[in-house]
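Protein chains: 2
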Amino acid sequence: MSSVEETAPATAVTASTGPRSARSRVRRVPKRAAYDGPTIHAILDASLIGHVGFVAAGRPIVIPMLYGRDGDSLYLHGSVASRLLRDLAGGVDVCLTVTLVDGLVLARSAFHHSMNYRSVVAFGRAQKVEGDEREHGLRVISEHLAPGRWDEVRGPNDQELKVTSVLRLDIEEASAKVRTGDPVDDEEDLTLRVWAGVVPCSLAWGTPIDSADLLPGRDVSPSVLARRYP
Amino acid sequence: MSSVEETAPATAVTASTGPRSARSRVRRVPKRAAYDGPTIHAILDASLIGHVGFVAAGRPIVIPMLYGRDGDSLYLHGSVASRLLRDLAGGVDVCLTVTLVDGLVLARSAFHHSMNYRSVVAFGRAQKVEGDEREHGLRVISEHLAPGRWDEVRGPNDQELKVTSVLRLDIEEASAKVRTGDPVDDEEDLTLRVWAGVVPCSLAWGTPIDSADLLPGRDVSPSVLARRYP
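These protein sequence lines are chains A and B, in that order. Per numbering that gives the first Met the number 0, residue 0 is the first one in the first sequence, and the count goes up by one each step. Per numbering that gives the first Met the number 0, residue 0 is the first one in the second sequence, and the count goes up by one each step.
Quick caveat, the hints were computed from the structure, so don't treat them as lab data. None of these values were measured; they are calculated from a predicted model. Please note that a few of the clues may not be correct.
What the hints assert, rightly or not - Quick list of in silico lysine-lysine cross-link-like pairs, DSS-like style, CA-CA up to 27 Å:
# : chain 1 : residue 1 : chain 2 : residue 2
1 : A       : K161      : B       : K30
2 : B       : K161      : B       : K127
3 : A       : K161      : A       : K127
4 : A       : K30       : B       : K30
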């Protein structure tokens, strides 16, 4: 997160276990950076959507996309008629970024306001997958968003598979950045007569709403009741 | 959102009032597209963070950033020492995308699963601002995230302003995409014995947590009690 507090001096660098180059190295506040697989995977698994960036005609485009993770690969999908999918399938460089906002960090000074968050920036190239991997990729995406749902519903038929592109993005390198905890104020501001702290936030799931065309006798599915969504 | 349901046929195109070119025209499911200022502004105002994409060394990079909106301009900020800010301030093309997830759309078939969401994709170039506009930009960002907070806290001093870069991104073109409502299933799937509907979701704010170093007598600020966060 680029925020005013980002200007605070960096004091430490987290140990690295993953691939790492200048492209994915976190430069600002490196004490908040992590490059290990478990940290990166946990953040990817906890986000509903990713923001996928690529270059088209020399210009950046960022599109929100659903995804699912299988090891160090991410699956994406879309219509075969989609320009986006065609652009991505061409082996171009892709940057997929996910961000979970965990709270507002309210300091005594405007400068030290910040946000608690978890983010991952992942780089790789997408390739179209064929054969059995297509349905596997769709299942991975579905299970990411709605665990257990895939086996409750009608699976894709040949026509649906035909009009759906499935891409696999093998992560070449990635970094995570995490901020937690209190505001960090200047010593001399602590006596100011203003409250400081954190207002936490998170995604909250509401009560399932029946589809207007739902026929009688279709109770809310087990996977929906379990609500194990990201 | 690129999702399986994106392959559903498009049936209508929303009237356009804003700038529009091939770059920002929504191709997939154009009935979900909008280009008018009020729709785009409302979505930008409702999101906490943006995903900012740009091209560095020919490759795409997407970074989550705080922002604030003033008319058709967005303010960004960060450390003067930040490579990100330097890259952005160089007049490069920028794509800022925001996405609000409103619910999972659970259909009777895997293929028609989707998501309810509101997103904006905005294009422009960022420029560094100077003089009084710097503090104005910081206030706009602060008020976007925590309305009323700016006047409760100590404002930025000269040293803090010196180490902070403020950028203005004038939106050249933008498009919004919105999905709402029920799953759209195939007629022949309606009799399947499986529940279908929407599980709504939204960002929820928790109880403010005092900073560990909070001195006695500093009650939670009025702006925090009002909780008019995006």
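The hints, checked one at a time:
{"no.": "1", "hint": "A:K161 <-> B:K30", "verdict": "holds (23 Å)"}
{"no.": "2", "hint": "B:K161 <-> B:K127", "verdict": "holds (13 Å)"}
{"no.": "3", "hint": "A:K161 <-> A:K127", "verdict": "holds (13 Å)"}
{"no.": "4", "hint": "A:K30 <-> B:K30", "verdict": "violated (45 Å)"}
Hint 4 from the earlier list is the only one contradicted by this structure; the remaining hints agree with it.
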